[in-house]
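There are 4 protein chains.
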Amino acid sequence: MTIRTVVWGENVHEQIHPAVRALYPQGMHTCIAEALNTAPDISASTATLQEPEHGLTEPRLRDTDVLLWWGHLAHDDVTDEVVERIAQRVWQGMGLIVLHSGHYAKIFKRLMGTSCSLLYREDGRQERVWVTNPSHPIAQGIGRFIEVPESEMYGEPFAIPNPDETVFISHFAGGEVFRSGVTFQRGGGRIFYFSPGHETFPIYHQADIQRVLVNAVRWASPKSEPWVDQCIELPSLD
Amino acid sequence: MTIRTVVWGENVHEQIHPAVRALYPQGMHTCIAEALNTAPDISASTATLQEPEHGLTEPRLRDTDVLLWWGHLAHDDVTDEVVERIAQRVWQGMGLIVLHSGHYAKIFKRLMGTSCSLLYREDGRQERVWVTNPSHPIAQGIGRFIEVPESEMYGEPFAIPNPDETVFISHFAGGEVFRSGVTFQRGGGRIFYFSPGHETFPIYHQADIQRVLVNAVRWASPKSEPWVDQCIELPSLD
Amino acid sequence: MTIRTVVWGENVHEQIHPAVRALYPQGMHTCIAEALNTAPDISASTATLQEPEHGLTEPRLRDTDVLLWWGHLAHDDVTDEVVERIAQRVWQGMGLIVLHSGHYAKIFKRLMGTSCSLLYREDGRQERVWVTNPSHPIAQGIGRFIEVPESEMYGEPFAIPNPDETVFISHFAGGEVFRSGVTFQRGGGRIFYFSPGHETFPIYHQADIQRVLVNAVRWASPKSEPWVDQCIELPSLD
Amino acid sequence: MTIRTVVWGENVHEQIHPAVRALYPQGMHTCIAEALNTAPDISASTATLQEPEHGLTEPRLRDTDVLLWWGHLAHDDVTDEVVERIAQRVWQGMGLIVLHSGHYAKIFKRLMGTSCSLLYREDGRQERVWVTNPSHPIAQGIGRFIEVPESEMYGEPFAIPNPDETVFISHFAGGEVFRSGVTFQRGGGRIFYFSPGHETFPIYHQADIQRVLVNAVRWASPKSEPWVDQCIELPSLD
Numbered sequence: 001m002t003i004r005t006v007v008w009g010e011n012v013h014e015q016i017h018p019a020v021r022a023l024y025p026q027g028m029h030t031c032i033a034e035a036l037n038t039a040p041d042i043s044a045s046t047a048t049l050q051e052p053e054h055g056l057t058e059p060r061l062r063d064t065d066v067l068l069w070w071g072h073l074a075h076d077d078v079t080d081e082v083v084e085r086i087a088q089r090v091w092q093g094m095g096l097i098v099l100h101s102g103h104y105a106k107i108f109k110r111l112m113g114t115s116c117s118l119l120y121r122e123d124g125r126q127e128r129v130w131v132t133n134p135s136h137p138i139a140q141g142i143g144r145f146i147e148v149p150e151s152e153m154y155g156e157p158f159a160i161p162n163p164d165e166t167v168f169i170s171h172f173a174g175g176e177v178f179r180s181g182v183t184f185q186r187g188g189g190r191i192f193y194f195s196p197g198h199e200t201f202p203i204y205h206q207a208d209i210q211r212v213l214v215n216a217v218r219w220a221s222p223k224s225e226p227w228v229d230q231c232i233e234l235p236s237l238d
Numbered sequence: 001m002t003i004r005t006v007v008w009g010e011n012v013h014e015q016i017h018p019a020v021r022a023l024y025p026q027g028m029h030t031c032i033a034e035a036l037n038t039a040p041d042i043s044a045s046t047a048t049l050q051e052p053e054h055g056l057t058e059p060r061l062r063d064t065d066v067l068l069w070w071g072h073l074a075h076d077d078v079t080d081e082v083v084e085r086i087a088q089r090v091w092q093g094m095g096l097i098v099l100h101s102g103h104y105a106k107i108f109k110r111l112m113g114t115s116c117s118l119l120y121r122e123d124g125r126q127e128r129v130w131v132t133n134p135s136h137p138i139a140q141g142i143g144r145f146i147e148v149p150e151s152e153m154y155g156e157p158f159a160i161p162n163p164d165e166t167v168f169i170s171h172f173a174g175g176e177v178f179r180s181g182v183t184f185q186r187g188g189g190r191i192f193y194f195s196p197g198h199e200t201f202p203i204y205h206q207a208d209i210q211r212v213l214v215n216a217v218r219w220a221s222p223k224s225e226p227w228v229d230q231c232i233e234l235p236s237l238d
Numbered sequence: 001m002t003i004r005t006v007v008w009g010e011n012v013h014e015q016i017h018p019a020v021r022a023l024y025p026q027g028m029h030t031c032i033a034e035a036l037n038t039a040p041d042i043s044a045s046t047a048t049l050q051e052p053e054h055g056l057t058e059p060r061l062r063d064t065d066v067l068l069w070w071g072h073l074a075h076d077d078v079t080d081e082v083v084e085r086i087a088q089r090v091w092q093g094m095g096l097i098v099l100h101s102g103h104y105a106k107i108f109k110r111l112m113g114t115s116c117s118l119l120y121r122e123d124g125r126q127e128r129v130w131v132t133n134p135s136h137p138i139a140q141g142i143g144r145f146i147e148v149p150e151s152e153m154y155g156e157p158f159a160i161p162n163p164d165e166t167v168f169i170s171h172f173a174g175g176e177v178f179r180s181g182v183t184f185q186r187g188g189g190r191i192f193y194f195s196p197g198h199e200t201f202p203i204y205h206q207a208d209i210q211r212v213l214v215n216a217v218r219w220a221s222p223k224s225e226p227w228v229d230q231c232i233e234l235p236s237l238d
Numbered sequence: 001m002t003i004r005t006v007v008w009g010e011n012v013h014e015q016i017h018p019a020v021r022a023l024y025p026q027g028m029h030t031c032i033a034e035a036l037n038t039a040p041d042i043s044a045s046t047a048t049l050q051e052p053e054h055g056l057t058e059p060r061l062r063d064t065d066v067l068l069w070w071g072h073l074a075h076d077d078v079t080d081e082v083v084e085r086i087a088q089r090v091w092q093g094m095g096l097i098v099l100h101s102g103h104y105a106k107i108f109k110r111l112m113g114t115s116c117s118l119l120y121r122e123d124g125r126q127e128r129v130w131v132t133n134p135s136h137p138i139a140q141g142i143g144r145f146i147e148v149p150e151s152e153m154y155g156e157p158f159a160i161p162n163p164d165e166t167v168f169i170s171h172f173a174g175g176e177v178f179r180s181g182v183t184f185q186r187g188g189g190r191i192f193y194f195s196p197g198h199e200t201f202p203i204y205h206q207a208d209i210q211r212v213l214v215n216a217v218r219w220a221s222p223k224s225e226p227w228v229d230q231c232i233e234l235p236s237l238d
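Here the protein sequences come in this chain order: A, B, C and D. Each residue of the first sequence is one higher than the one before, starting from 1 at the first, in UniProt numbering. Each residue of the second sequence is one higher than the one before, starting from 1 at the first, in UniProt numbering. Each residue of the third sequence is one higher than the one before, starting from 1 at the first, in UniProt numbering. Each residue of the fourth sequence is one higher than the one before, starting from 1 at the first, in UniProt numbering.
Derived by calculation from the structure, the hints in this document are not laboratory data. In this text the structure is predicted, and so the values were computed from the model without any measurement. Be careful, since some hints might not be right.
Given that identical chains are not distinguished, each listed pair holds provided it fits within a single copy or across any two copies.
As the list claims (entries may be wrong) - With a cut-off of at most 20 Å between alpha-carbon atoms, the simulated EDC-like pairs for lysine to aspartate or glutamate come out as follows: (1) Lys109 - Asp80; (2) Lys109 - Glu147; (3) Lys223 - Asp164; (4) Lys223 - Asp63; (5) Lys109 - Asp77.
Bound-form chain A, shown alone (with noise of 0.2 Å):
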């Protein structure tokens, strides 16, 4: 079956930046989603932050099976009855996998009930992307790790709940560490940050990082029937 999949893009540094519109001239939304559509099991489409309801209908959403986020300036403009949208679906078993900035994304954030917060440091240094769990569904294709030429460090203390799997680590040059592939489930849904994807480098051209994002939303993908989450009166069992 088709996993029907929808890349979420901010598309603001496309539109401002010409580095950035150089390297992703239809965005980055549109480089990951042809990057997924070479799998023939998946389906994806793309909705950036510009289209009416940013691009995420309640028909839409509910026609998703797998939503990857990406965003970073414009957090704030996103509005909270889509976040709040996008939860309820997650809960109900819609696969979310986060990227890089969008560990600040309110969706985020929402579902992880804790600050997000991480260091950083914009220097363009090489990131080893480590595979700590060589078994798990997302890693599988890759050697022992991903090596991004140029990228943003991201380091630890990364402010988030104590994760389900930790399936990959980076190493920056510069000296940090951070968990850069870790899962969540919330309700139904599973969750999916991925760090590596900084709009500069042209690091969603590379393969291996596209593997990644292939293998994530087949793991992502719902396993069950929706589940209606509600608090329910139950009637005696006797």
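Once you've looked at the hints, dock chains B, C and D against the given chain A.
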């Protein structure tokens, strides 16, 4: 060192429901605070919904080590501003103990990132609260289980994230089970949810229930300096 | 792809206990294997204690994706060599499903690192196996709970490590609770412990119990290449 | 109350390796015990491989609250009987702190149920031990990280079960990462693994490393009565 503790009570049933007032003439919050104050290392005061800022001003929260929370009818009357203030203090390290129908309080749902829904039935039958982790600090001084002669049934599935620890699981005479004592960490703060405590039964008068609350306050009290939780640009270490 | 599955049975009660033989003329292991073989993607065979190397030779284990284990009276008769062989295969990625009194099997204690003790009472009263995680693959096709009309009571505290996931918690008519369906990962292997299955009751003839076992085999089947698990001296990356 | 602590040293390198003897004339175990004894609430003694029963007789273990373990060359010389005795005491509630190459000690592998393998390279380059959980009791008094000027590299994947908590993650100048401080609970006992401590470098002379060990002893000390861990037939509660 004294653990500065605040017991927050919604204080609505006690005003409108004669049976509840008969059990708790000064309110459940006062009953709980008095029980905590029998411990030499705990100094407990109370706060209620009806006070300005619900009794939880910025300075008061800054001087609070552990906050207990009981609410039911009026979750929506708690202002978002106060909820956010509490969340920030939990991330810094304040302990939080959420009681009974507080599973649906704004602050608990805020910190869990899930719906926190469950099954329920108010039938006043027996609940047995089994200790699943006899070495946990919160279970000390309790035998195999606590017997609550009359209780409201809370049943699984309980839509919370995978807990860090499961200390108690309850058995209900009507045929259900519930993870009735679970722990979480969010930022620097320790959180304990404890479900027994329906307002129409004298549950907070039970010595073993009080013992759990004293243990929980000690467990949840901060073990470190406040964690100033924010994104920080780290200068190069080279 | 077919999931190559082996159901291991101790096969002692069936030889010496007429009531067990009446329920399971070919042994519990055969009953379970037949149930699994109704699934088109599972190919299940059996092995027993009495065979050479307990039916679990090196080549056979190498060709096994998922192993199910039922033992009770003769845990000590399983050789340490075979136990170690199984552990190695689990670390490489073979799934392991441990049933009922297998909580005290050498292989389960070996992989848990705890005593795996529990409370018990063979009283033949009702057990209700509640689903605590309705979106988990192992719980698909089950309603709120499975009813086992006559069961042996297994009670908390269950001395296992904190499970990765809690899928089922059981309610016993006699007044106890038990985490009856829990998952663990050890190396590359997925482990599921499922407690219902006392030999003197027709539990493995129940359709919903069989459904759980089919789900569990699928969930536990390897999701990656075998993990060759050893300390390796890594040459310098510079 | 004084925390009765035993530092166990394999004590082989110190006898055969002049550089190690120069750094630790009385052995690493003595250096560590002296550091612990500067804490007023800790009373630390030592035990070594060469003593009868490796210095860990039944009565001595019964009177031990926390055991630290350093071993490397002679893991196989530790008798299985003593290993089992330690495991039993951990389940009852004794704390266990496993150091450096102790990841491959029989007792650690026994309690983890995994191979505990990792990557390594003895190149004497810099290690930075980052605090990932600043509010954890074991990280108190440490800044953002501990710098170890010369260290042996230990790298991921580290074949341990999903830890209960990740307190430290290390960065190696050569390009690797490692979960260098992780906690587990097994039965009633708290376990902390801490990787820095290669014998040819003066790591246990560092004040911040000593601070971690003092913190860890306090954290791991028993918080409850011994848990008598066995299967028990529970009489009917009716």
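The hints, checked one at a time:
no.	hint	verdict
1	Lys109 - Asp80	both (12 Å within a copy, 16 Å between copies)
2	Lys109 - Glu147	neither (28 Å within a copy, 32 Å between copies)
3	Lys223 - Asp164	both (17 Å within a copy, 18 Å between copies)
4	Lys223 - Asp63	within (15 Å within a copy, 27 Å between copies)
5	Lys109 - Asp77	within (15 Å within a copy, 23 Å between copies)
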